[in-house]
Every structure is written in C-alpha cells, then in structure tokens.
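S.K.: Given the sequences, and given the hints that come with them, work out the whole structure.
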Amino acid sequence: MIVFISDLHFVDETAGKQNIPTSAFKLFLSDIKTHSEKTKNKNKKLKIVFLGDIFDLLRTEEWFREKEEDKPWGNNTKNMKKRAKIILDKIAEKNKDTFNLFSKQNLENGFKDNHIETIYIPGNHDRLCWMIDELKEKVIELLALSANNKDNFKHSFSDIKHGVYATHGHIFDNFNYEGGPSHTDLDHGLVPIGDPITTEILAKIPCKLIKNIKSKIY
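Counting from 1, one number per residue, gives the positions in the sequence shown under our numbering.
If you are wondering where the hints come from, they were derived from the structure by calculation, not from laboratory data. Just so you know, not all the hints are guaranteed correct.
[As the list claims (entries may be wrong)] Across the chosen pairs, the derived CB separations fall in these ranges: (1) 214 - 41: 56 to 66 Å; (2) 182 - 78: 42 to 52 Å; (3) 41 - 207: 49 to 59 Å; (4) 45 - 211: 37 to 47 Å; (5) 209 - 162: 22 to 32 Å; (6) 74 - 2: 21 to 31 Å; (7) 182 - 41: 33 to 43 Å; (8) 207 - 45: 44 to 54 Å; (9) 187 - 21: 34 to 44 Å; (10) 90 - 179: 41 to 51 Å.
[Stated by the list, open to error] Derived EDC-like pairs: lysine to aspartate or glutamate, alpha-carbon spacing no greater than 16 Å straight-line: (11) 81 - 66; (12) 17 - 69; (13) 44 - 117; (14) 90 - 134; (15) 82 - 137; (16) 204 - 37; (17) 78 - 66; (18) 208 - 61; (19) 90 - 61; (20) 104 - 141; (21) 47 - 151; (22) 150 - 117; (23) 85 - 61; (24) 81 - 134; (25) 26 - 97; (26) 112 - 37; (27) 81 - 69; (28) 45 - 134; (29) 85 - 151; (30) 44 - 113.
The structure presented is a predicted model; accordingly, all values stated were derived computationally and were not measured. In this text, a Cβ means the ideal position worked out from N, Cα and C, and glycines have one as well.
M.R.: Below, the structure is given as structure tokens:
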C-alpha cells in the first residue's frame, strides 16, 4: 500500500502559528492502520510518501535578518545555508511531537505486521532541503528516511507495480518553477519568483503591519 501526503507546510511560527496539530496526524496514522489491517496480503508493505512542501523554509521572518545576497534567491552563500538550517531546526522544535509520530520506532510499533518505509520528495517551499547537505541530514532524521533509499530527494516518485507516478504540483506553476520540461536537478535548482513573493510579500507585509500598529498604540 502506498500513501501520499503533501503540502503540510510546517513552519517555525515566526510569521504565524499555522502548524497542523499533532492530533490530526494521530488520526491520519490510525486511518492508515485501519486500511492496512484490511489488506489480505500476508507480506504487507507500506510506503508513506511525503510529496513536497512538507517544510516551509520561506514563510518565516528569519530571512529578514539576512542581506539580499544571503537569502534563498541570492548567491547561495554560507550565511544562507546557516540561516536555512536555523529555520529547519526551529520547525523541528515547533513540531517535535508530530515528528515523533513518524519516528522509526513509533512507526514500527504501530505497524508491526507491515514492512514500513518513508520516502521524501521535495517541493518548492522546501527546495533547499535537497540542495543543502545539512538540511538533508535533518530531513532524514525527522521523517525516518533510509539514507540508502535512492527514491528519497528525487523530484518524482514512481512505482510500476502499483501503476503510480507522482510529483509535487509546483512544476505546473510558472510562478514556482523556473525549469524546463526535462525536470533535471538543474531545472529544480533554479530560483522561482514565488520564493521572494512568499517571503518578501506574504510573510513581510503582516510583520510590518503588526509592528506599525503596535508603534501607534504604544
């Protein structure tokens, strides 16, 4: 059985407390277990595919601390990579109870009759997670990925046996995908205009408004 889940957009909460509660994922795993138990196949295999935008490294106020060249659409600097790691670490802390649910031990205990496997496909808001080694290592830890599984950190997932092909939908959005139809690493590494739009407009405007209102009140 293959289960897909995407666009969770876990954030560090600096630009708003918008994380999905842990209780939702308890229900999610409970539903998967119910369906799995109905499977008649004795050799049960379960794949949970995280299909992009699991982590949101753009919807944060952390980038306001950096110079333009040190932001995700800048010059791929050391400062950018350090800031990205800080953001991901904060995301991990804010959602630690949820990530504990997806730990290897918890999944194996909850699905004892299954061979369970987690797979991660990056999207556009977590584009940096496959580009920066330190972030890759953290994602492997948080989602209980196998470092030897070649399906991880690819830009699409396919399973011939199940007749399935899946990818994150940003490749159909000109605002969030700058690459061509070949969909290579180089294509996916290009910075889309959606990156600065998300951070400099969607995250910054509320931040500026709140500060402006507070300054007038006090």
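S.K.: Hint by hint, say whether it matches the structure.
M.R.: We went through each hint and held it up to the structure:
1. 214 - 41: 56 to 66 Å: Between residue 214 and residue 41, where Cβ atoms are some 59 Å apart, the hint holds.
2. 182 - 78: 42 to 52 Å: 30 Å, violated
3. 41 - 207: 49 to 59 Å: 51 Å, holds
4. 45 - 211: 37 to 47 Å: 51 Å, violated
5. 209 - 162: 22 to 32 Å: Violated - the Cβ-Cβ distance for residue 209 and residue 162, about 47 Å, lies outside 22 to 32 Å.
6. 74 - 2: 21 to 31 Å: 37 Å, violated
7. 182 - 41: 33 to 43 Å: About 37 Å separates the Cβ atoms of residue 182 and residue 41, which means 33 to 43 Å holds.
8. 207 - 45: 44 to 54 Å: Taking Cβ atoms as reference, residue 207 and residue 45 lie about 45 Å apart, which means the hint holds.
9. 187 - 21: 34 to 44 Å: 35 Å, holds
10. 90 - 179: 41 to 51 Å: About 29 Å separates the Cβ atoms of residue 90 and residue 179, which means 41 to 51 Å is violated.
11. 81 - 66: 11 Å, holds
12. 17 - 69: Roughly 28 Å between the alpha carbons, so the hint for residue 17 and residue 69 is violated.
13. 44 - 117: Distance ~11 Å between residue 44 and residue 117 Cα, so the pair holds.
14. 90 - 134: 14 Å, holds
15. 82 - 137: At roughly 14 Å apart (the allowed maximum being 16 Å), residue 137 and residue 82 satisfy the hint.
16. 204 - 37: 47 Å, violated
17. 78 - 66: Since the Cα atoms of residue 78 and residue 66 sit roughly 11 Å apart, the hinted pair holds (cutoff 16 Å).
18. 208 - 61: 11 Å, holds
19. 90 - 61: 12 Å, holds
20. 104 - 141: 9 Å, holds
21. 47 - 151: 11 Å, holds
22. 150 - 117: 12 Å, holds
23. 85 - 61: The hint holds at about 14 Å.
24. 81 - 134: The hint holds at about 8 Å.
25. 26 - 97: Holds. Residue 26 to residue 97 sits at ~10 Å (cutoff 16 Å).
26. 112 - 37: 11 Å, holds
27. 81 - 69: 12 Å, holds
28. 45 - 134: 30 Å, violated
29. 85 - 151: With a Cα-Cα distance of about 23 Å, the restraint between residue 85 and residue 151 is violated, given a limit of 16 Å.
30. 44 - 113: 7 Å, holds
Checked against the numbered hints given earlier, the structure breaks hints 2, 4, 5, 6, 10, 12, 16, 28, 29 and satisfies all the rest.
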